[in-house]
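Protein sequences, first through last, are from chains C and R.
The numbering of the first sequence is the working numbering, which starts it at 1 and goes up by one.
The numbering of the second sequence is the working numbering, which starts it at 1001 and goes up by one.
Among the hints, a few may not be true.
Said to hold, decoys possible - Some but not every residue of chain R turned toward chain C, in silico, with C-beta under 8 angstroms:
| no. | residue |
| --- | --- |
| 1 | Gly1056 |
| 2 | Leu1177 |
| 3 | Gln1294 |
Worth flagging that the hints you see were computed from the coordinates, not collected in a lab.
What you are looking at is a predicted structure, and each value in this text was computed from that prediction instead of being measured.
Even glycine gets a Cβ: it sits at the ideal position worked out from N, Cα and C.
Okay, here's what each chain looks like letter by letter:
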Amino acid sequence: MNRITKKFTELKSQSRSGFIPFIVAGDPNLETTKELVLLLAESGASVIELGVPFSDPVADGVTIQAAAERALLNPISVKDILRMVAEVRAEECETPIIVFSYFNPILQFGLERFAVEAVKSGVDGILVTDLVPEEAEEFRTILTAKSMSLIMLAAPTSSDERLKKICEKASGFVYAVSRAGVTGARNETSGDAKTLVERLRKFTDLPIAVGFGISTAAQITETCKYADGAVVGSAIVAEIGRLGDSAHLVKGVREFVRKLLPEEFSADDLH
Amino acid sequence: MNYQPNERGYWGEFGGRFVPETLMSPLEELTSAYFAVRDDAEFQTEFLQLLRDFSGRPTPLFYAKRWSESLGGARIYLKREDLGHTGSHKINNAVGQILLARRMGKKRIIAETGAGQHGVATATVCALFGLECVVYMGTEDMRRQELNVFRMRLMGAEVRGVDSGSRTLKDAINEALRDWVTNVDSTYYLLGSALGPHPYPLMVRDFQSVIGKESREQFLEKNGELPTALVACVGGGSNSIGLFHPFLNDESVRMIGVEAGGKGNNLGEHAARFNKAGGGKIGVLQGTKSYLLQNDDGQIALTHSISAGLDYASVGPEHAFLQSIGRVEYAMAMDDEALKAFQILSQTEGIIPALESSHAIAHLLKLAPEMSPSQTIICNLSGRGDKDVNQVQEMLNNESQINKTGKTMADSGIKMA
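Start from the sequences, fold in the hints, and give me the full structure.
Written out as structure tokens, the structure is:
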């Protein structure tokens, strides 16, 4: 059983849902990213999403676009990111880590090579923003052979027929996009998310996480009433951007996450 | 060969749909709406009538006699897309897609633009049908194509400047995609080139094929035979695929697409995707698999061209396929060659070409003299150069190249070529 499945099984047995933070690798540099991953793991993250910065992030709003730009100020490759994950694993951190990427950086790295190297480094799965089920078969076969999860996106605009296809290709968990749009913090939670999760349950027994627009404790609590995990991206990424490459960054993010997380998360998951 | 993509939008290994899941249902809806009108006689009649009555088609096929004779080789015919309404071939696709958008009941139209020609064409058809229009344009392109920005605004479009990346066409497409993914229900994305996810490359090519169909008929009527070669510039690739496509099964006809060689061979200095020495490799960008200018990590490279319309890191997937099977050859023209061609055509034929089209003209300066007067070339004059005169004047002033006796300059230009 890989780390993702193990974690969701454990959460389920406790009748709890997971907190899934997203950060951009290399923002502001990879060394700091490593510290942030370790900190997020200690702060109650169930799964950590590690974004591969891309020059043309069409699915992202301004916050994550800016983070990618900051990360790309220095050359950064998929190889560097995987090496950093290996260093995290060397610190005996067992929190599931998934790579979150656009397709082109992975395609240039090599699909087969990615699967081999990602397993070696201790990555548990990958989500490719612009790889829909129709285009995913080759990569899925390669990943499955290495027991690497392929997390698929589902959207409120997806038809039932598409949701079925998505669930057939997915492993690890399914990522339900809360609303049509790009990533970024929103004050209100869309009603579409709950409907989408209910629709997805008809097609899969996999855990379902909800993301896009979740930025407050109240939203996390609300989301976790019906979903198996809540993804928080832009809110944390914005905080990283605000603190910049300063000595206070890691401490500041720790404080931010502590305030962000509803009590039921942070209290008993600090190990 | 029928040169049609498969049901997933692939020509060989190129094309497909690489988009966020949210866009898949709208793309499926667009595809079925498009296939419903593709062979619908009523739609096609409406399309051709509007091109005739509103846009002034058919555009002439003009024998550039003085220029051909001065080059001393092949006889060159110019397909005068510059004479269509709004001054470029972009209107063909805009007319086709706006009719489709109306059938789909969409009230809000978005578009991207590089040189501004597609933005102007979209603003035009939106004004014609009273639809809301938002055009995304890189701020660098807004600077070099100020006149087109004004034309769009004059016709009631909202032009939104895009300040990310190289602030050119690629960044404008990113922003248009972000708008579309956010407003999928109300909005029709009127994409301007033979790019992006299926069905856009097919649909744009179909609407632009009117160029090649007319050219073929007009040429046969004038000469009783097919041309020896076709030449067109390639940015995203819509004017060239529009000219080439109806000739693809005419095996004797040689076809050459001309990319922007910019100012050098290093990544960032040009927009020649098929130039492998310049960093062109297969990859995925903005919904399609094709040749891309990128670094080893798969990050998309900045590009450069004197012409905003060719300044793009990828190329339409059908071009990538035609290149891979060797049916179409791809060449480059450098910035300074295009600038020279811009002046030469102005002075020998009284036609000021767009800087994009000037790349095709520049290639003819080399190609035509290698051929004999019994041979013929159709060159797509995809747009007129009015939009570029300020920029060109500035560049020529800077380089102190302005020559008061225009005729002498043209003649020396030809000799230099």
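Outcome of the hint check:
1. The criterion of a C-beta within 8 angstroms of any C-beta in chain C is not met by R:Gly1056, whose closest approach is roughly 36 angstroms, and the hint is violated.
2. With 8 angstroms as the threshold, the beta carbon of R:Leu1177 comes within range of chain C, its nearest partner Cβ sitting at about 5 angstroms, so the hint holds.
3. Here the hint on R:Gln1294 is kept, as its CB sits about 7 angstroms from the closest CB of chain C, short of 8 angstroms.
Violated hints amount to a single one, hint 1; each of the other numbered hints is respected by the structure.
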